[in-house]
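Asks: Chain by chain, the residues:
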Amino acid sequence: MRKIKLYTIALLGIILLILGWNQTASGKVYIDIDSPAFQKFPIAIPDFKNLSGDEDNKNLSVWFSDALAKNLGLTGFFHVISKKAFLEDPDRAGITAESIRFSDWINIGTETLVKGGFQYDGKELSAEFRLFDVIHGKIIVGKKYWGKFEDREEMVVKFASEVLLALTGERGVFGTKIVFVLKKGKTSEIYTINFDGSELARVTYYGSIILSPHWSPDGKSISFTSYKRGNPDFYIMDRAKRTARKISSFGGLNLSAPWSPDGSKILLTLSKDGNEEIYVLDPASKKLERLTRNPSIDVSPTWSPDGRKLAFVSNRSGSPQIYLMDADGNNVRRLTYEGNYNTSPSWSPRGNRIAYEGVTNGCFQIFSIDKEGSNILQITFDGSNESSSWSPDGRYLVFSSKKDGKFRICIINSNGSNMRVLHEGVHIHSCPSWSPRLNLY
Amino acid sequence: MKKRLTIMGIFVLILGLSVIFVTGCAKKGVVKEEAVAVEERPVAIQPSEAELQKEREAALREKALEEREASRFKDINFEFDKFNLKPEARETLRRHADWLLEHTGFDVIIEGHCDERGTSEYNLALGERRAASAMKYVVNLGVDKKRLTTISYGEELPLDAGHNEESWARNRRAHFVVTSQK
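If you read the protein sequences in the order shown, they are chains R and V. Under my numbering, the first residue of the first sequence carries the number 53, and numbering increases by one thereafter. Under my numbering, the first residue of the second sequence carries the number 638, and numbering increases by one thereafter.
Hints in this document: simulated from the structure, not taken from any laboratory. Any given hint might turn out to be false.
[Claimed, not checked] No more than 20 angstroms apart at the CA atoms, straight line, and that leaves these computed lysine to any residue pairs for SDA-like: (1) Lys235/R with Pro795/V; (2) Lys324/R with Ile746/V; (3) Lys235/R with Lys280/R; (4) Lys455/R with Lys783/V; (5) Lys238/R with His800/V; (6) Lys454/R with Thr786/V; (7) Lys236/R with Asp797/V; (8) Lys458/R with Leu794/V; (9) Lys719/V with Cys415/R; (10) Lys423/R with Gly403/R; (11) Lys455/R with Glu803/V; (12) Lys773/V with Gly146/R; (13) Lys719/V with Gly370/R; (14) Lys238/R with Lys783/V; (15) Lys719/V with Lys455/R; (16) Lys783/V with Asp325/R; (17) Lys782/V with Lys236/R; (18) Lys719/V with Asn392/R; (19) Lys324/R with Thr786/V; (20) Lys235/R with Thr786/V; (21) Lys773/V with Gln430/R.
This structure is a prediction, so every number in the text was calculated from the model and none was measured.
Can you build the whole structure from these sequences, using the hints too?
Replies: Next comes the structure, spelled out in structure tokens:
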């Protein structure tokens, strides 16, 4: 990973205090993403000013505003207003509150505005960003970044994260990756891709079947099941060293499942005792504890965000359904009753909902249900969709999709809006899993 | 016609003369006769070596054929999301068991497979169950459990790449792979 030196400071901290920063600090949420009436939030991002005062680097002016618009657009929360609609005279307006005529912005229907400027001397690049509440005519957040020319994307992503924090109360998922499986012919390999669809990277080169990759909560390891030695065995790969250790290779299935939220334990499905049961493994001591005791299929366990409960799939009722139990295997209860095929549970990091896939009209679709077993929400409708995994902020789901002979990894807002294709092709895409925040930069 | 008869006549004549010539010579020296006998030995051995080789090849071929025949063990098929054995699957498994009871020098890997629908993880478990159902049935018919192993490939290795009912039905299977015992 690129390790760069970048200095970030809160710009104009004093000014922020004077101008009433305390309003945001006291928890004003501009965008209530969870509201059922949520509509995309308007934001305007004019071209950045060259603060060196010269006429050079015109394209950098456009680049900064476009890059920020692209990143904010990816969240699905913003309606970025077209530059063609702008009324402001860019030559006369500045980038500070006193040099902005806010009526120019209110009149085009925006509620927020990002102004920015940069200085580039051919070696060092600095850029400052300010987010304004145009209705109240005041700054919400401002930051200045110093670095090299190559660091400009990072500056934009960092500020996009600040915008999200200031407006939604939570940082976004910039700087996360999705791991998934790409199958060509009889073999499959693990790949990763960034949240914005950039940097597709192949992770494994085993030339055999591979399944169910999961991130460790620190993002440093990826666990998976591989047939590279003939049997479906369980491995953990160190991402930095690119080496994998075999952790479990009992006869039968050694099926990878998620790590506990604190990273100390890993769930597994093993069939060593003659039928598929759920176990929890302490990878340090290799201590293995069996959690289910049922002659039916028990598979695909996942943790609640507090690590105290598990959701899993069992066909003990005759068809695969989602069940919940305590982390020690007690208090098993059935969660899903609608439909006769419900699998792949994934517990929202917000704790309240569980996403899964079910069959409707003969096709697999992604649903979510609250942990009490009510309020079912169908999230996908088109094609056949499987294996959902939540983003670390619980706002999005990633899933694999199949339609018209094309295979895709897609991202969707958890309310079913704003679907975006992350990667597509003619080969089978499966088992996507969203990373924790990785601190990519 | 006439010409051919003439040629045959000449041939017979030469043959007769040569017999007289050989027997005539034989009388002349015993040493030479012995030498011929000594030389004959390797000549006699050579075809038997080739025969052995042929025999070995034939045996290998037969074994290969047998293995190929064995590896052509018919798949047994299942209903969607089911691992119970249908009557025709039981019939097929009885034939497989008969062959295995006759040919004790072979082991079997029973692979469990699913169609592409559903979760890959659940399908791995389901494939495991299908292989286990087939194994249990064959063991009940007297085949030594030690000769059998199971492995599930879930939906990962479809037989038929199609995406329709017919392909799915073929892909929901338990497949027998016969191996020679080592």
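Asks: Are the hints correct? Go through all of them and say.
Replies: Now the hints, each set against the structure:
1. In summary, the hint linking Lys235/R to Pro795/V is supported, as the alpha carbons are separated by about 12 angstroms, within the 20 angstroms threshold.
2. Between the alpha carbons of Lys324/R and Ile746/V the distance comes to roughly 17 angstroms, so the proposed pair stays at or under 20 angstroms and holds.
3. For the suggested pair Lys235/R and Lys280/R, the alpha carbons sit about 14 angstroms apart, so the restraint of at most 20 angstroms is met.
4. Between the alpha carbons of Lys455/R and Lys783/V the distance comes to roughly 44 angstroms, so the proposed pair goes past 20 angstroms and is violated.
5. Distance check on the hinted pair: Lys238/R and His800/V sit about 16 angstroms apart at the alpha-carbon level, within 20 angstroms; holds.
6. Our distance criterion of 20 angstroms between C-alpha atoms is broken by Lys454/R and Thr786/V, whose separation comes to about 34 angstroms.
7. Distance hint between Lys236/R and Asp797/V is fulfilled; the C-alpha atoms sit about 15 angstroms from each other, no more than 20 angstroms.
8. For a cut-off of 20 angstroms, the pair hint linking Lys458/R to Leu794/V stands: about 19 angstroms separates their Cα positions.
9. Among the hinted pairs, Lys719/V with Cys415/R is consistent with the structure: their alpha-carbon atoms are about 18 angstroms apart, no more than 20 angstroms.
10. About 8 angstroms separates the Cα atoms of Lys423/R and Gly403/R, which keeps this hinted pair within 20 angstroms; it holds.
11. Only pairs whose Cα atoms come within 20 angstroms are accepted, and Lys455/R paired with Glu803/V is accepted, the gap being roughly 19 angstroms.
12. For the hint pairing Lys773/V with Gly146/R, the CA-to-CA distance comes to about 80 angstroms; that exceeds 20 angstroms, so the pair is violated.
13. A distance of roughly 9 angstroms separates the Cα atoms of Lys719/V and Gly370/R; the hinted pair therefore holds under the 20 angstroms criterion.
14. Straight-line distance between C-alpha atoms of Lys238/R and Lys783/V comes to about 29 angstroms, which puts the hinted pair past the 20 angstroms bound.
15. About 26 angstroms separates the Cα atoms of Lys719/V and Lys455/R, which puts this hinted pair outside 20 angstroms; it is violated.
16. The suggested pairing of Lys783/V with Asp325/R holds, with an alpha-carbon distance near 16 angstroms, which does not exceed 20 angstroms.
17. Annotation: proposed proximity of Lys782/V to Lys236/R is violated, straight-line Cα distance about 35 angstroms (limit 20 angstroms).
18. Restraint check for Lys719/V and Asn392/R: satisfied, since their Cα atoms lie roughly 13 angstroms apart, inside the 20 angstroms limit.
19. Restraint check for Lys324/R and Thr786/V: the C-alpha separation of about 13 angstroms stays at or below 20 angstroms, so the hint holds.
20. Proximity of Lys235/R to Thr786/V is assessed by CA-CA distance (about 26 angstroms); at most 20 angstroms being required, the pair is judged violated.
21. A threshold of 20 angstroms between alpha carbons decides the hint, and for Lys773/V with Gln430/R the separation of about 40 angstroms lies outside it, so the pair is violated.
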